Amino acid sequence: MSKKTPVSHESKPILHSRLTLLEVSDPELLEELKMDRKLGPLMVRSLSACVAVISPGSGNAFIKHLLKAGHTPKIIESAT
Amino acid sequence: MSYDSIIRTPETLFKPSILAEVLSTFGADDVKRIAVTYLGKGTKLNKADCIKALTKALVTPKAIHQAVADFSDFERTALGLIKLRGQSWASVEELALECLMLKPEKLPADLLSRGYYSTSHKHYGRLNELLRKGIVFPLTGNHLDLSSYHHSFEVAANPLVLNEIRGIQLPSLSIQPVDGPQLARFVKRPSEIVLRLVAFEQAITKVGAMNLTAKGIPAKTIFPKLQKLLGWEDSSKSPFAFTDPVAFFFWLFRAAGVLQFQFDVREVLVLRQNSPISQPYLQQVTQWLKAYRSIVSWHEPCPPGLYLYYRDEDRIRETTFNGFRAALLLALGMLPDPTAWYRISHLSEALYGQLGYSFTLGRNSNSLHFWREKSLEEKKRAIDEWKASHRKNWDSHDEVFIRQALYGPLFQLGVVEFAGDDDKPGQPGCFRLTEVGRVALARMYGQSVESSSTKFIPQPDKPCWLIQPNFDVMVYLESASAEQLSLIERVGSRQHVDASTATYRLTRDATYQALESGLNIEGIIRQLQASSLKPMPEAVIRSMTDWASRRERLSVHLNAQVLEFESAQAREKALKSGQVTGEPIGDTFLLVTSAVKNLSAFSVIAYEPALPRCISVEDTGRILVHRDLRDLLIVDQLSELAEPIGTDQMEWHITEKSVRAAMKKGWTVSEILNQLHRRVNRNLPPVLNLAIQCWGGAALPEPTTLKKQVVLQLPTHDLAEAIANSSHFMQFIGEQIGPRAFLIPDVLAEMMHQLLIQYGFIEKTTPLNTDNPTPQRKKKQS
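Chains as they are written, first to last, in the numbering used here: chain A, 7 to 86; chain B, 3 to 784.
What the hints contain is simulated information worked out from the structure, not anything from laboratory work. Treat the hints loosely; a few may be bogus.
For lysine to any residue, the following SDA-like pairs were computed, each having C-alpha atoms within a straight-line distance of at most 25 angstroms [as the list claims (entries may be wrong)]: (1) K208(B) <-> T505(B); (2) K599(B) <-> D621(B); (3) K70(A) <-> N561(B); (4) K239(B) <-> H399(B); (5) K599(B) <-> I82(A); (6) K599(B) <-> P611(B); (7) K105(B) <-> S369(B); (8) K40(A) <-> T670(B); (9) K44(A) <-> A612(B); (10) K70(A) <-> A211(B); (11) K70(A) <-> G668(B).
A quick note: this is a predicted structure, and the numbers were derived from the prediction, not measured.
This is chain A alone, in the form it adopts within the complex (with noise of 0.2 angstroms):
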């Protein structure tokens, strides 16, 4: 996953919708979980140090594999 400085797009901000977010508060434990063999792949861009953009799609199987890792995530679903 490589980092890219943000894109300029103008002057009108991008709103993304729909995304899937993982947000941890420690910046190491965000590391650790990219190493994760099922996890990684699945984290497919990097907004910070602690938090991460899964693979579109994903949300689910990703909250599965982190159940199975033994971690105990909070889901948050937006209703916006």
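Mind docking chain B on chain A? Use the hints.
Just chain B now, kept in the frame of chain A:
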């Protein structure tokens, strides 16, 4: 306009434009009859004028008020039954039988002069009265006389008309209580009822993907999987043995809105937020009762001989079973003394009195013929015989249904309890409504609880469990309330249940699931302590608090919205202006936490159901990224497969080298092609598609060869024609590519050259010139 082409829903049907279209599909007499309902008896307009006046009147509260004032008690009560559903529409099957319960149809007075009478589909009769007067409208079709041929699944009432209906008075059912029993012999404890419901909810949450078939019905694997998780088996010979409980609860949860069929993606979703389980027991029972009325696809065990003509895919719509359930529930709501005991056979008789001559689940003996009989006596005898046979048919089909509905779902949901009959004290021949059942039915039919001769006062919960240091919780079922069981089912993992106790274990997973279902750890611990017979061990509290804090370390945001700004300053400015609220991520992103106002101020990119098609690919392998559609993932994805051109990452080149590099990282050719196919805004050029396959090592069916060919150019048409027709020359020449030109295969060029010299068509000194450009043509087989 065809009535089928008008898109109408309960919400849109009474909009003037839609209503005018719907009315125009009705016959002139129908429209004029409806006009009398809303415009008065003196109305003498033609159809077109009636439609104009009606579309105006039906949106005018004053006109509606006047019209509803003239409605009969039956009409007002029927409308009230729609309103009590919390919506402006009702299933035709349900409402038709409810109407009969309010106003039964009797045998026609002129039966003797008729040669034939049938009860088949007579049950729509009272509902048709409402349709003909325009008190309700069909949601499909244009027939105001519903029958087996002309059907609508739902009818809708005007919300303005429903606003005029305030409170309904149900008539009393003609049934006598029995004095005999004092104590209920067969009772379902609320704790047992809640345990079963909670267990089922847990099973549908744990079972994983539940798929629908192409016909939109649940896949066959779902029920066995649920059965395995639940371990429910009831092979006893008791009258309360509940056959196929998994299917019953599945369809019950669907009717309650907990399971939602997503036909487009062929999946069943679990919407726990809709679940009645999290509500107090009384509210739960009321909601489960409403859901029971609307269950489709499952029905009570009935004897053979029922007229079931539905196709599989139609079974997920309401059927006559829904009608009968609606009638039975209404009958229970109409019991003269809700606290009294009644015989089931008397209930069946009372229902026969209301429905018998218009409806039966059975298909035998529902029609009367007596054209062969001549004398009056013979006709009377034929009618008596038919009545006896008709009643026998009811007893053998419909009464069985009533018993199975009472013994099965209504007992399982805690609405009724049973006692023995005088002559058979061991058999559940008598029933009465439970305390909760009385209140739930009163609420369901808008009756005051006082008028149902009962008062339901929830008892405060008493301590009912022991929490042990090894995390086991011993629950004493006798003293546990439904609310307490609901809690322990949510926060503990059930280990063992027997007649008087249940053992749960407080685990990290169960605590996590409870937190995910919306509880908080402080509330869980407080409630566990409140119902505990001894103080909760400190170590258990510490562990549970630790489990909860671990959950805070990691969050997954589903369906999230992220705003991407040009700079941190732009983000700060938007936040300060109040245009958006959210949690900043990195330098330029913002995780949106409230609805975005003024969406037009942003470019919107959605990532599901499919990623944006934001690239175009040329057959040279050049890839262009469309700036307006560029999403967060495209650059990373392209960098895996292609080489960048320039520095702005808007242009890329896919080459043999980049494909090979991707394959070294683990990509397969089909993955590369799928990735491009998903993202390209037009088709991937076929030549590049094949090139990528070849770069990836795919072999073509045959090796491609590039052959040299020599062009034989002849000076005259005569010579060209002569050579073309010469069997000698023919073996050396290939395709004719012009009036005087032929292709000669390279290997035959020298021989052709010698032949041309031999025939004198070329000077001996002329050398063979093979440097001429030769078109790439496939040799024509001669």
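Hints versus structure:
For the hint linking K208(B) to T505(B), the alpha-carbon distance of about 20 angstroms falls within 25 angstroms, and the restraint holds. Distance restraint check for K599(B) and D621(B): the Cα-Cα separation of roughly 42 angstroms exceeds the 25 angstroms cut-off, and the hinted pair is therefore not satisfied. The suggested pairing of K70(A) with N561(B) holds, with an alpha-carbon distance near 17 angstroms, which does not exceed 25 angstroms. A hinted pair counts as satisfied when its Cα atoms are at most 25 angstroms apart, and K239(B) with H399(B) qualifies at roughly 20 angstroms.
With a C-alpha separation of about 21 angstroms, the suggested pair K599(B) and I82(A) falls inside the 25 angstroms cut-off, and the hint holds. Of the pairs offered as hints, the one joining K599(B) and P611(B) holds, with about 23 angstroms between alpha carbons and a cut-off of 25 angstroms not exceeded. Distance hint between K105(B) and S369(B) is fulfilled; the C-alpha atoms sit about 22 angstroms from each other, no more than 25 angstroms. For a cut-off of 25 angstroms, the pair hint linking K40(A) to T670(B) stands: about 22 angstroms separates their Cα positions.
Restraint check for K44(A) and A612(B): the C-alpha separation of about 22 angstroms stays at or below 25 angstroms, so the hint holds. For the hint linking K70(A) to A211(B), the alpha-carbon distance of about 12 angstroms falls within 25 angstroms, and the restraint holds. With a C-alpha separation of about 24 angstroms, the suggested pairing of K70(A) with G668(B) holds against the 25 angstroms cut-off.
Against the hints set out earlier in the document, a violation occurs for number 2 only.
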